[in-house]
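Asker: Read off the chains here:
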Amino acid sequence: MNDALILDGVSKRYSAHTAVDDLSLAVPTGTIYGILGPNGAGKSTTLRMVMNIIARDAGRISLLGADPAAGRGVLRRVGFLPEERGIYRKMKVTDVIVFFAELKGMERRAARASASEWLDRMGLGDWKQAKVEMLSKGMQQKVQFIATVIHDPELLILDEPQSGLDPVNQEVLRDTMLDARDRGKTVIFSTHNMEQAEQLCEHVCIIAQGRKVLDGRLRDVQRENVGNRWYVEFDGGSDQVSRFMRGETRYGAVAPHGEGWRVEMEPAADPRPLMAALAALDVPVVRFERERKSLHEIFIDRVSGAVTPQRRPEVAHV
Amino acid sequence: MSELMTIVRREFLERVRSRSFVLSTFLFPLLMGGLFGILSRMGQGGGERHLVIVDQAPAGVGQTVQQVLSTPAPPTGGDDANSYRIERVARPLEQVRGELIRRVQAKEIDGWLYLPANVVQSGEAQYRARNVADFSVVGDLTRAVTRGVQAARLQTSGIAPAQVAALVQPAKLSTAAITRKGEEGGDAKQTFWLAYIVGLLTYMMILIYGMNVLRSVLEEKTNKIAEVIVSSMNASHLMLGKILGVGSVALLQVGIWAGLTVATSRSGTLAARFHIPESMMKSASVPPATLAVTLAFFVLGFFLYSAVYAALGAAVNSEQEAQQFQIFAILPLVLPVLFLVRIVGDPLGRVATVLGLIPFTAPVTMAMRLATAPVPPAQIAASLGLLAVTVLAVAWIAGKIYRVGILSTGKKPSLAELGQWLRTA
Numbered sequence: 216m217n218d219a220l221i222l223d224g225v226s227k228r229y230s231a232h233t234a235v236d237d238l239s240l241a242v243p244t245g246t247i248y249g250i251l252g253p254n255g256a257g258k259s260t261t262l263r264m265v266m267n268i269i270a271r272d273a274g275r276i277s278l279l280g281a282d283p284a285a286g287r288g289v290l291r292r293v294g295f296l297p298e299e300r301g302i303y304r305k306m307k308v309t310d311v312i313v314f315f316a317e318l319k320g321m322e323r324r325a326a327r328a329s330a331s332e333w334l335d336r337m338g339l340g341d342w343k344q345a346k347v348e349m350l351s352k353g354m355q356q357k358v359q360f361i362a363t364v365i366h367d368p369e370l371l372i373l374d375e376p377q378s379g380l381d382p383v384n385q386e387v388l389r390d391t392m393l394d395a396r397d398r399g400k401t402v403i404f405s406t407h408n409m410e411q412a413e414q415l416c417e418h419v420c421i422i423a424q425g426r427k428v429l430d431g432r433l434r435d436v437q438r439e440n441v442g443n444r445w446y447v448e449f450d451g452g453s454d455q456v457s458r459f460m461r462g463e464t465r466y467g468a469v470a471p472h473g474e475g476w477r478v479e480m481e482p483a484a485d486p487r488p489l490m491a492a493l494a495a496l497d498v499p500v501v502r503f504e505r506e507r508k509s510l511h512e513i514f515i516d517r518v519s520g521a522v523t524p525q526r527r528p529e530v531a532h533v
Numbered sequence: 019m020s021e022l023m024t025i026v027r028r029e030f031l032e033r034v035r036s037r038s039f040v041l042s043t044f045l046f047p048l049l050m051g052g053l054f055g056i057l058s059r060m061g062q063g064g065g066e067r068h069l070v071i072v073d074q075a076p077a078g079v080g081q082t083v084q085q086v087l088s089t090p091a092p093p094t095g096g097d098d099a100n101s102y103r104i105e106r107v108a109r110p111l112e113q114v115r116g117e118l119i120r121r122v123q124a125k126e127i128d129g130w131l132y133l134p135a136n137v138v139q140s141g142e143a144q145y146r147a148r149n150v151a152d153f154s155v156v157g158d159l160t161r162a163v164t165r166g167v168q169a170a171r172l173q174t175s176g177i178a179p180a181q182v183a184a185l186v187q188p189a190k191l192s193t194a195a196i197t198r199k200g201e202e203g204g205d206a207k208q209t210f211w212l213a214y215i216v217g218l219l220t221y222m223m224i225l226i227y228g229m230n231v232l233r234s235v236l237e238e239k240t241n242k243i244a245e246v247i248v249s250s251m252n253a254s255h256l257m258l259g260k261i262l263g264v265g266s267v268a269l270l271q272v273g274i275w276a277g278l279t280v281a282t283s284r285s286g287t288l289a290a291r292f293h294i295p296e297s298m299m300k301s302a303s304v305p306p307a308t309l310a311v312t313l314a315f316f317v318l319g320f321f322l323y324s325a326v327y328a329a330l331g332a333a334v335n336s337e338q339e340a341q342q343f344q345i346f347a348i349l350p351l352v353l354p355v356l357f358l359v360r361i362v363g364d365p366l367g368r369v370a371t372v373l374g375l376i377p378f379t380a381p382v383t384m385a386m387r388l389a390t391a392p393v394p395p396a397q398i399a400a401s402l403g404l405l406a407v408t409v410l411a412v413a414w415i416a417g418k419i420y421r422v423g424i425l426s427t428g429k430k431p432s433l434a435e436l437g438q439w440l441r442t443a
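The listed protein sequences derive, respectively, from chains A and B.
Add 215 to the 1-based position in the first sequence for the working numbering, that's all there is to it.
Add 18 to the 1-based position in the second sequence for the working numbering, that's all there is to it.
No wet-lab data here; the hints were simulated from the structure.
No false leads were mixed into what you were given.
Part of the chain B face toward chain A, derived, beta carbon under 8 Å: (1) T24; (2) E32; (3) S36; (4) N241; (5) K242; (6) I243; (7) E245; (8) S250.
C-beta atoms are modelled at their ideal positions from N, C-alpha and C, and glycine is treated no differently.
Isolated chain B, as found in the complex:
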């Protein structure tokens, strides 16, 4: 037991004392803060877009569209509201098209909106721009044209122009998630951010610290330190000690970040300095039970992957060799990140539920789900249980590969040889 502690202590101290730990612990939040700052600023500005309305529509439609677009979005509209500078020309499109194309290419304008003469009947307008993939702009334009067309239609059906404005006034939707206690929690944006951050953090930490375990195993193997160590202690204990030591470093780092987040959220000035969106700050208040379960998933996930990485490190002879196999070890971890939008968008849906139950994808998936929705306790229990059993099974197999692998020399083993390792160990 004392040898195990010696290993844990060494792995922990070597990392915590290193410059890279201090740097990453304190630079990472700064970087993230800066990144969110930039993102939210870009969102806020949304950039001003300079558009030309080629207006062939009946009188009034073009003006309404221009007015809707030019009116600044209400402050509650969110960070990513766009603003528009509008020029309106009343000449036929064929006459101005060449000129418009030239202006778009010269970056004088972003694009043009063509309102044909029959727009009120057909309801069809055209938008041509350098970038038509910005859905928020397309959405804004659709809304604006709809309002212009609707107003025109209402007027033709005999409603007084004064009433029209009130009739076409759009509705606003406020969002809030229902928490387990039945209270209203953060809005859609907050929950998305939280799920995004927690999921990504879980993924990154498992990956980074899993790689740490791999590197540590490889160092001892290639340096033959392993030969000396296993003459004083059980190889399985050495592996366990490594995982525990590296894992405590990861927990310490997460702990420091959690502390920093709480401290920053208490002090509004700090948040403001880093331009951290208010919504992110609110999301820092998560019920302790959810926090504990998320942490449990993180810890078990780390155990699972670091056992895989330890076995991988023991089986190969260099990091280059390890890289060839790493993809298999990373793929299931990265899968939930690829499905991020699906999982966060529908945290109780089928994709989220299935990925949440598969042990190799569960840690990241569940971190995202727990942050967004009240996941049924039965699912949490089932997922945790499956994960725990898998951790034990994988650790058992990994331990065998590890025991043989760290003492082996020569070329990397074939699958058949790995099988033999499993039998002999």
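If we strip away everything but chain A, and leave its shape as in the complex, we get:
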């Protein structure tokens, strides 16, 4: 068993619409896995089904080798951070963390020691005995994150973990996720921020309108979705080059980009005629390369047609 989580044909329907439609994916153990999608794509619904917070209507889920709906045992080995944040406001910071640790079966003294370490590490060392309501929103979020990871779960499921954090704290969170991965844990998180996903994930799954658009290793996804966009850079000769490039329409849309030029060709077009034309110029070409698409662009390409914004349903009972 090399997958921490397997979804096989999982669906969730509400009376008016289908929130998740026949979704299948596999999360390899020891990786960071991103579930990406626009608002209302079904990311949270999927994670909530994995955590058995809501019941699925169809499909199979294997979480750390067990069906989460069958028993609560496996869920204790998971750390879950829900999308909407909140912790007991009237409690002291340390007490909140210890409370959640105890629920996950940790011994109180060990939990206290561990909570103290985590708080120091997250820069909240001065707030251990403060009441949660005294903390800023970002700090509260960090406390909640600590409460999620305090029992050192095998699998972390984080729903939009970065939202509401400033860049410094996003970095802290990133480091903890990477650290967990390095210690052999699996991290699954959802986001609609593609840049973060690109920095963090080894595997991604993009969903839109409850359906999977693509999934796989990020590297493979980027290779498969490479597109037909070329970057050209010349060694000087700006006037001549400029005149040539601006007049050129045969190969695709041309636009200045950085130090050079970007040529967006039709997906099936052959780049060789362009190369030949460039070679015929007086000015030497120093770079001619196929540009990799960012995850953001892949996402927009694949998803834009499928998305009507804010599809989130008003009513979403179990």
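Assemble chain B onto chain A, guided by the hints.
Answerer: Same frame as chain A, but now just chain B:
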């Protein structure tokens, strides 16, 4: 099991450590003490009432009435004896009425008592005052006029004036309740106070701590803490843990109050300082068996209502939404308080018996009844049994609503949706 204890511990500590718990635990008795102090003082004074007797009656009647009213009540007469300052005028009412009305309006006098010329025959007098709803004053005046009229009648039938006073001397009634052991217990006033306090306390504690459960459920639901918790434990256990945790706080508070009451009753000076009536202090000595049964009703009542409140908290999304439904959850609880006088006045009567058997009204009703009268053990057993069965049934239904409700999002459910929750859970 350990998760359950974790929940209980958190709910208990969060409340007990809060400032509001400390404040309410120690301020409430002070407030109650102060309130009773004020009440008993007001009762004692009864306020002096300034009345004018418009006396057109035959000689002697008006004097007797004035004398009866002016004589201070005997000390055993109770805390609420009134005192009177009497002015007597012998002019016809028509002549003085305008002036009297003016004086009442100017608050120089409280009212006037008109004794017409034929009062001895007709036995009818008139009382006009700013406030005629004070039954104790009306009672005093009725007694006084009766004595004046009776004396006059006796005299006309030839009895010597010296004998008349002795003949019309009113009788006094001393009251004492018969306890289960057949001994004489506290007097009417004591039992009333005790029933009043115990009933009201049961009502307040169930309401306040039931609301606590509701708020706690709502907090976890709106914060999505519930989602995290139920991934580590059974939702029913979470609900049970909450109720047990909050319930222990309520018991602790009642325990502290009981301890304070015992301590205060031992030390007379404290009681005196807070002007707590002596009768209240005496009533603190209740047989342990009665105390245990009262406590059982309180605990079961709390379970019953907190289960309802937990389900309510899980079904709605905000306290505002909860308030719309709360009336249904409070009404049966408040009913015995509305019937307080009926229940305490006739604790073995039909109203008290019926309300004592209906599980939703039983806790408060039985608390009042147990404090006033020896309720038949069969009734106590039946009431406790019905209540216990209802607690189980309600907890079962509430548990289902709770389990689905705390994880649901979006608008509040319709009745049909609630039905669906019950089936799916």
